[in-house]
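Participant: If you read the sequences in order, they're chains A and B.
In terms of the working numbering, the first sequence is residues 1 to 642.
In terms of the working numbering, the second sequence is residues 1 to 61.
Since the hints were made in silico from the structure, they are not lab data.
Mixed in with the good hints there might be a few duds.
Once the Cα atoms are required to be at most 25 Å apart in a straight line, the calculated SDA-like pairs of lysine to any residue come out as [unchecked claim]:
{"hint": "1", "chain 1": "A", "residue 1": "Lys527", "chain 2": "B", "residue 2": "Glu6"}
{"hint": "2", "chain 1": "A", "residue 1": "Lys461", "chain 2": "B", "residue 2": "Arg48"}
{"hint": "3", "chain 1": "A", "residue 1": "Lys179", "chain 2": "A", "residue 2": "Glu216"}
{"hint": "4", "chain 1": "A", "residue 1": "Lys527", "chain 2": "B", "residue 2": "Asp53"}
{"hint": "5", "chain 1": "A", "residue 1": "Lys461", "chain 2": "A", "residue 2": "Ala209"}
{"hint": "6", "chain 1": "A", "residue 1": "Lys476", "chain 2": "A", "residue 2": "Glu621"}
{"hint": "7", "chain 1": "A", "residue 1": "Lys528", "chain 2": "B", "residue 2": "Asp53"}
{"hint": "8", "chain 1": "A", "residue 1": "Lys75", "chain 2": "A", "residue 2": "Lys476"}
{"hint": "9", "chain 1": "A", "residue 1": "Lys474", "chain 2": "B", "residue 2": "Pro23"}
{"hint": "10", "chain 1": "B", "residue 1": "Lys22", "chain 2": "A", "residue 2": "Glu634"}
{"hint": "11", "chain 1": "A", "residue 1": "Lys605", "chain 2": "B", "residue 2": "Ser19"}
{"hint": "12", "chain 1": "A", "residue 1": "Lys541", "chain 2": "A", "residue 2": "Ser591"}
{"hint": "13", "chain 1": "A", "residue 1": "Lys480", "chain 2": "A", "residue 2": "Ile542"}
{"hint": "14", "chain 1": "A", "residue 1": "Lys461", "chain 2": "B", "residue 2": "Asp53"}
{"hint": "15", "chain 1": "A", "residue 1": "Lys124", "chain 2": "A", "residue 2": "Glu182"}
{"hint": "16", "chain 1": "A", "residue 1": "Lys537", "chain 2": "B", "residue 2": "Asp53"}
{"hint": "17", "chain 1": "B", "residue 1": "Lys61", "chain 2": "A", "residue 2": "Gly631"}
{"hint": "18", "chain 1": "A", "residue 1": "Lys595", "chain 2": "B", "residue 2": "Val4"}
{"hint": "19", "chain 1": "A", "residue 1": "Lys537", "chain 2": "A", "residue 2": "Glu634"}
{"hint": "20", "chain 1": "A", "residue 1": "Lys461", "chain 2": "B", "residue 2": "Ser33"}
{"hint": "21", "chain 1": "B", "residue 1": "Lys61", "chain 2": "A", "residue 2": "Gly456"}
{"hint": "22", "chain 1": "A", "residue 1": "Lys96", "chain 2": "A", "residue 2": "Lys80"}
{"hint": "23", "chain 1": "A", "residue 1": "Lys595", "chain 2": "B", "residue 2": "Ser33"}
{"hint": "24", "chain 1": "A", "residue 1": "Lys605", "chain 2": "A", "residue 2": "Ser591"}
{"hint": "25", "chain 1": "B", "residue 1": "Lys26", "chain 2": "A", "residue 2": "Lys124"}
{"hint": "26", "chain 1": "B", "residue 1": "Lys22", "chain 2": "A", "residue 2": "Asp52"}
{"hint": "27", "chain 1": "A", "residue 1": "Lys605", "chain 2": "A", "residue 2": "Trp499"}
{"hint": "28", "chain 1": "A", "residue 1": "Lys95", "chain 2": "A", "residue 2": "Glu67"}
{"hint": "29", "chain 1": "A", "residue 1": "Lys461", "chain 2": "B", "residue 2": "Lys61"}
Which residues of chain A face chain B? A partial, calculated answer using Cβ under 8 Å [stated by the list, open to error]:
{"hint": "30", "residue": "Ser226"}
{"hint": "31", "residue": "Ala234"}
{"hint": "32", "residue": "Gly268"}
{"hint": "33", "residue": "Ala270"}
{"hint": "34", "residue": "Leu388"}
{"hint": "35", "residue": "Lys461"}
{"hint": "36", "residue": "Lys474"}
{"hint": "37", "residue": "Lys480"}
{"hint": "38", "residue": "Ile482"}
{"hint": "39", "residue": "Glu518"}
{"hint": "40", "residue": "Asp520"}
Ideal Cβ placement from N, Cα and C applies to all residues, glycine included.
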Amino acid sequence: MAANGAIPNGSADAPIDVSGSPNVVGINFGNSYASIAVLTKEGLSECIANEDGERQIACAISFHGEEIYIGNQAKPQLIKNGHNTIVGFRNLLGKKFSELPKDKPSASALIIQHPDLPDTPAYKVHVLQPAPKPLPPTTSNVNTPSASAMATPRSEPTPAERILTVSEVTTIFLKSLIKSAEDFLGKKVTGAVVSVPAWFDDAQRAALAKAAEDAEFHVLQLLEDSGAIAVTTAYGATPAELSDDRTQLVVDVGQSSLELALLSIRQGLAYSLATSTDFSVGGEQIDDKLIKFFAKDFTKKSKVPLVVCPAKHTDKRAEAKLRLAVEHTKRTLAASPGAATCSVESLKDGFDYTGTINRLRFDMEMKPIYEQIATKVRELVESASLDLYDVDEIVYVGGSASFPGLDDYLGQAFHEGIVTPFTTGTVIGGGVGDPTTILARGCALQAKLLASIGTGEEESKVRQAFEVESEWTKVKATTKTIGILFPEENSDGGLGGQWIPTILMETPLPCRRVHTFEVDLGEGDSKKVGFEVWEVKEGVKIEKVIPPKEEDDPEEVKEDAGDPEEDDDAEEELDVKEKTVEKETFLQSLSLEAKEATKVNGRWKTKLEVQFLVGGDGGLEISAWEIGKDGRGEKTSVSVSA
Amino acid sequence: MAHVVELSVVPPPLPSSWSPPKPSGKSISPLVSRRLLPAGPAFLAHVRRVVHDLSFEEHDK
Ligand SMILES: Nc1ncnc2c1ncn2[C@@H]1O[C@H](COP(=O)(O)OP(=O)(O)OP(=O)(O)O)[C@@H](O)[C@H]1O
Ligand SMILES: [Mg+2]
Chain A
1 MAANGAIPNG SADAPIDVSG SPNVVGINFG NSYASIAVLT KEGLSECIAN
51 EDGERQIACA ISFHGEEIYI GNQAKPQLIK NGHNTIVGFR NLLGKKFSEL
101 PKDKPSASAL IIQHPDLPDT PAYKVHVLQP APKPLPPTTS NVNTPSASAM
151 ATPRSEPTPA ERILTVSEVT TIFLKSLIKS AEDFLGKKVT GAVVSVPAWF
201 DDAQRAALAK AAEDAEFHVL QLLEDSGAIA VTTAYGATPA ELSDDRTQLV
251 VDVGQSSLEL ALLSIRQGLA YSLATSTDFS VGGEQIDDKL IKFFAKDFTK
301 KSKVPLVVCP AKHTDKRAEA KLRLAVEHTK RTLAASPGAA TCSVESLKDG
351 FDYTGTINRL RFDMEMKPIY EQIATKVREL VESASLDLYD VDEIVYVGGS
401 ASFPGLDDYL GQAFHEGIVT PFTTGTVIGG GVGDPTTILA RGCALQAKLL
451 ASIGTGEEES KVRQAFEVES EWTKVKATTK TIGILFPEEN SDGGLGGQWI
501 PTILMETPLP CRRVHTFEVD LGEGDSKKVG FEVWEVKEGV KIEKVIPPKE
551 EDDPEEVKED AGDPEEDDDA EEELDVKEKT VEKETFLQSL SLEAKEATKV
601 NGRWKTKLEV QFLVGGDGGL EISAWEIGKD GRGEKTSVSV SA
Chain B
1 MAHVVELSVV PPPLPSSWSP PKPSGKSISP LVSRRLLPAG PAFLAHVRRV
51 VHDLSFEEHD K
């Protein structure tokens, strides 16, 4: 278990460039699962499996006699050894004992007031200590006792109590993650970027930083989940359907929460327009529904009554077994269109159980959950004074966002061209859109970026910009879309010509946008190019359309008004939405004589490049060039003062 | 380097009657304050420009 021994054989295959690129990693530290990502030779990042072959590592620690189980191995301990098994500790970081809800029933280790530290929550677990000397507290907290420890003959271990603070538990856990990364890389990890939820306050962030420090690795940055997503989506090519300037909805469905963020992404610069967190929807609710479904099926098949969620005392064990088993079922459902099984040996009264569920049925069972997520999404977008049609892209995060059925359900509310990892096919097979690895991958890329910043005086300010609440993150942003209008003869309705948006609303300043395109100059010889610069009002027009009644449906006609369902149906209007743009403020105009025009099929054409520069104060400079054979022609500029 | 976006639109010829309207003298709409996510290469570039007070062109070099 020596972490920093010689680099093992086969290090040529290690994904990090051995030529001295920094040994940094990304860690997604969720409340329920964590994951680790490293950098590949190609400069990308990928999620790695730990020594148990797990990419999603359960945030669980279980004490069993002299052993400590960490990660997925600790989870089954919840059934037999619950009071010595610790889960859900991340969300308790930085919390006082008096702040915690006391009435929450739990299958895991009890949280008590720490015997010595004031107002500090702690876990009390029962362990076996090797006799005669207790283990020195600093050494093998982390690892399951090594073989060598067992080799020396000694007398019987003695039962003992062990008190651990939330911070200590976190340290043990983080240490095991770093160790997995080091085992994989074959070298010491020098730094890590660790994800934090947006709602973590200063105390929680400080507590996490402290726990990491105690785990003896350098935290390069505690990066908000949204930041990690922005990094992942900013790397590599933007899908062809998407612009570098876009509005992105992040839907994170974890185990115990739904977290939403609406981001303005502007050529890789990102900020949040709105966020929300809902602790009442997540994988747990999905599990509840699945468990109920299978319990019912079990009763039907075995004639043994089984009531779960909530379960009677005698059925608690069966419920816990089902809860473990559906992990597999969910993964199968997410990964493949066929039916998924759920098997539990000796579920109740000695009866084994095997049942199946297909996607259609699953989505039906999940509909209330999907709807709850959809409602939260609508509320979020509304809170940012935007319309669902303003969203260009959906990004899914978290294990429970892996279901195609969720995307299908949510997708209906957006415009047809909405881009999601399911529509682009990047979820399956660990593609870039894989919701279970996207956070860790973003953190690893960010770690690489941070490691690239120099250490000198010059760079210290740049470094500071990445610290919490740094001044450098404050920016001014535009509130209306600005663009250019090429007036057109006899253009009926609309804006009166060709509209090209150049600086979208919610673009952080200063900014620069450069567009090139061909301009049609017509058949004549005037060859003048000109355009107007406008600020516009954008909106979404909703038209209510009553779909024509199907004539061959006599039921509908005969229907008596009392039936509420049919009544609804009859009145059901379809919302037909359309994005609108109206000219609002004329700012400037620019014109130039085309000198590089060429005649194609009797019409003059030229290639134009238009640059918009907006200063930090909102002052605007618009420049245009022709792009000829020898590159940029003469520059023509106009400006709009701040 | 400036990120140049190539568009496939082809604006039509100007109406014969069009002459460039005079600037309105108006400014763009009031700005809002936002907080950037301190993440990604674009943020690093932004910080470098702002910290060293560089224009986009100067930063390109
Ligand atoms: N491939 C998958 N398909 C479906 N569900 C999955 C998949 N992988 C994980 N899950 C489920 O996702 C949940 C864990 O999600 P995630 O790792 O995002 O949690 P987290 O961020 O730690 O949770 P929390 O919201 O509690 O902070 C669990 O309920 C797990 O069963
Ligand atoms: Mg999460």
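Participant: What are the numbers of the hints the structure violates, in ascending order?
Facilitator: Of the numbered hints, 4, 7, 8, 9, 12, 15, 16, 19, 22, 23, 25, 26, 28 and 34 do not hold.
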